[in-house]
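Residue numbers (this note's numbering), protein chains in the order written: chain W, 1 to 143; chain X, 1001 to 1425.
If you're looking for bench data, these hints aren't it; they were derived computationally from the structure.
For each residue, glycine too, the CB sits at the ideal point set by N, CA and C.
Warning: the hint list may mix true and false statements.
[What the hints assert, rightly or not] Derived list of chain W stretches under chain X, where covered just means 3 residues or more per stretch with a C-beta under 8 angstroms from a C-beta of chain X: (1) 2 to 15; (2) 18 to 24; (3) 29 to 37; (4) 61 to 75.
[Claimed, not checked] Beta-carbon label-pair distances, calculated as ranges: (5) X:His1272 - W:Lys99: 27 to 33 angstroms; (6) X:Ile1414 - W:Pro80: 41 to 47 angstroms; (7) X:Glu1212 - W:Asp119: 40 to 46 angstroms; (8) X:Ala1099 - W:Asp35: 36 to 42 angstroms; (9) W:Lys140 - X:Glu1212: 33 to 39 angstroms; (10) X:Ile1414 - W:Lys136: 36 to 42 angstroms; (11) X:Leu1335 - W:Tyr6: 48 to 54 angstroms; (12) W:Asp14 - X:Pro1383: 25 to 31 angstroms; (13) W:Lys90 - X:Glu1043: 43 to 49 angstroms; (14) W:Tyr6 - X:Thr1331: 56 to 62 angstroms; (15) X:Val1025 - W:Asp14: 27 to 33 angstroms; (16) X:Gly1018 - W:Asn3: 36 to 42 angstroms; (17) W:Tyr6 - X:Ile1414: 21 to 27 angstroms; (18) W:Arg40 - X:Lys1074: 49 to 55 angstroms.
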Amino acid sequence: MGNISYEFPVEKDDFERAGEASSKIKKILRQLGMDSGIIRRVAIGAYEAEMNLVIHSLGGTIRIDIDPKSIIITAEDKGPGIHDINLAMKEGYSTATEKIREMGFGAGMGLPNMKRCSDIFEIQSIVGKGTKIVMKMNLKDGD
Amino acid sequence: MSNELNHSVILREDKCIGCTSCLKVCPTEAIRVRDGKAKIISERCIDCGECISICPNHAKSAITDDLSLLKKFKYKIAIPSLTIYGQFPSNIGINQILASIKRIGFDEVVEGRLGADISICLIRDYLFKNTSAKLPMINSNCPAIIRLIQIRFPDLIPNIIDIETPIEITARITKTNVSKKTGLDIKDIGVFFITPCTARVTSIRHPIGIAESYVDGAISMRDVYGDIVRNLGDNNTSDLGERSKESLLWPIAGGQAAALGIENYLEVDGIHHVIKVLEELELGKLKDVDFIECSACTGGCIGGPLVIQNPFIAKNRIMKYVRRTDELQCTKEKLNDYIEMYKNGFIRLTEEILPKPVMMLDKDISKSIQKLELVTEILKNLPGLDCGICGSPTCRAFAEDIVNGENKKAICMIKTMNGFKTKKI
Ligand SMILES: Nc1ncnc2c1ncn2[C@@H]1O[C@H](COP(=O)(O)OP(=O)(O)OP(=O)(O)O)[C@@H](O)[C@H]1O
Ligand code: SF4
Ligand SMILES: [Mg+2]
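Required output: the full structure, derived from the provided sequences and hints.
Rendered as structure tokens:
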């Protein structure tokens, strides 16, 4: 008791529904009466993770675990994995194609932003297997 | 009923047959059918009037002010909505309509174009470059949209342009001028808006973004239409005077964006379409737009819940005038005056617009988590048809109502019937 989880599948290249999972997460947090500060942080983190699944991965899931003290977002995909995590974490680094950039993505800011808005940020990736990102946001005083 | 004090939209129980037509159209899930009658959850209602328009039994109606309210004031001013020009056949002139409104019992009739022109000049020539609002800016003049944003899109509050509505601007300037001219106290001057809009009625009583409205009453256009027709004189001069093309276009969907001369704009009308667009905006998908013109009503204010004329016909009539009018000229002096009025807060939204977390399950986060767990649990056992037969708009709302203890006699008919079907006889 006292905690709740949801999981949302995210499809590769599904631009039409892209953002739906983070939108639903936001709605849930509002319904729970969370403060706008933490809602914003969670929404940014979830949205960036969701977009990376759509754009760079073969598909996966976004999961959210909520308890009265913290929120954990987990993004997990089934490939292709990231070769050099340190490089991927650099601001401005992106392998997005020209087409994706024209769509307004590919600034190479997603991962750095995810890290910035979480209290604990973990990324694991195995090439050929997939990537797992865990973001933990603590509810602060006033949140 | 507390609803009557806080809202324009009300339910006439005697006419309601509990048909659930209104449940689905309500954009904030503010309606439930209980004991065979619709009920409006007051804090969720944004007075958009969707339920008034859809109700086949005319059980939803609007509380507006009565003409008897005029007696309270020594000097009475009418501001007819800009939609008025589309409500009469073309052979009746604008001045004829205005003269007739005056005969109903007003000392003066002032057109909302006064405020519309100021608003257009200010936004176009000043605010657009100097705004404190986030881009894309969202128009501030539709109160149903502002309330929708407070409830469903609180993150978009900073995008709302902080300028008063044309009606409020018109009321403020006119009242001040009349007071100077006549020596009367502001309190003795009554300004009445002839309204096509239920949301406006509520925002006059409970303004958002300003401390107090200078409008003293809102009279339903439907209520006075007969009086206007009866008092029509025969001076049907077609003189359009100083009216600007832009102010005539204002109440038509897309008219504001056109008036503002903004190239990169998005126009959306009809509250459910607006919700779709605001959802995209909230996701950050509309970074490449400068201005979003939202109207809760289909077609813009000419589609308001209290108009007489079908909005398509009204548009045709207004467009005839538009073709014959000149464009708005905004001189530097005038603009400077307007900027001054804006800066000193006379025509600006000076009060903070706050989010309204009415969808919240509980004030205590631990409790609301528990409630949400329960909602999820109940939902697993519901068919997910969102049929509304239970009196809640969706299966999810049904589950939430149970968890919140609101729906004591909750029954899902579909589930009960399926239960019968699968029972072996
Ligand atoms: N789930 C993933 N699977 C495989 N590669 C990924 C994944 N997420 C990120 N990457 C790689 O890391 C790079 C950096 O990601 P990041 O989110 O920071 O930027 P971006 O997605 O390219 O651009 P932006 O997020 O600013 O639109 C990506 O270009 C991509 O090569
Ligand atoms: S579109 Fe116009 S008439 Fe309709 S709710 Fe908004 S302001 Fe009122
Ligand atoms: Mg990214």
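Tested hints:
1. Coverage of a stretch by a chain is defined here by at least three residues with a beta carbon nearer than 8 angstroms to that chain's beta carbons; for the segment 2 to 15 of chain W and chain X the count is 3, and the condition holds.
2. Counting residues of the segment 18 to 24 of chain W whose beta-carbon sits less than 8 angstroms from any beta-carbon of chain X gives 3, enough to reach three: the coverage restraint holds.
3. Only residues whose beta carbon comes within less than 8 angstroms of a beta carbon in chain X count, and the segment 29 to 37 of chain W has 6; three or more means the coverage holds.
4. With 3 residues carrying a beta carbon less than 8 angstroms from a beta carbon of chain X, the segment 61 to 75 of chain W meets the three-residue requirement, and the given coverage holds.
5. In this structure, X:His1272 and W:Lys99 meet the distance hint of 27 to 33 angstroms, their C-beta atoms being roughly 32 angstroms apart.
6. The supplied range of 41 to 47 angstroms is met by X:Ile1414 and W:Pro80, whose beta-carbon atoms lie about 45 angstroms from each other.
7. Checked against the given bound of 40 to 46 angstroms, the beta carbons of X:Glu1212 and W:Asp119, roughly 44 angstroms apart, stay inside it.
8. Distance hint check: the CB atoms of X:Ala1099 and W:Asp35 are about 56 angstroms apart, inconsistent with the given range 36 to 42 angstroms.
9. In this structure, W:Lys140 and X:Glu1212 meet the distance hint of 33 to 39 angstroms, their C-beta atoms being roughly 37 angstroms apart.
10. Take X:Ile1414 and W:Lys136: their Cβ atoms lie about 41 angstroms apart, and the range 36 to 42 angstroms holds.
11. Under the hint 48 to 54 angstroms, the C-beta atoms of X:Leu1335 and W:Tyr6, about 52 angstroms apart, fit the expected range.
12. Separation of W:Asp14 from X:Pro1383 is about 27 angstroms and conforms to the stated range, judged on CB atoms against 25 to 31 angstroms.
13. As the Cβ distance of W:Lys90 to X:Glu1043 is approximately 48 angstroms, the hint placing it in 43 to 49 angstroms holds.
14. As the Cβ distance of W:Tyr6 to X:Thr1331 is approximately 58 angstroms, the hint placing it in 56 to 62 angstroms holds.
15. The given range of 27 to 33 angstroms is respected by X:Val1025 and W:Asp14, whose C-beta atoms sit roughly 29 angstroms from each other.
16. For X:Gly1018 and W:Asn3, the hinted distance range of 36 to 42 angstroms is satisfied, since their beta carbons lie about 39 angstroms from each other.
17. A hinted range of 21 to 27 angstroms holds for the C-beta pair W:Tyr6 and X:Ile1414, which are about 25 angstroms apart.
18. For W:Arg40 and X:Lys1074, the hinted distance range of 49 to 55 angstroms is satisfied, since their beta carbons lie about 51 angstroms from each other.
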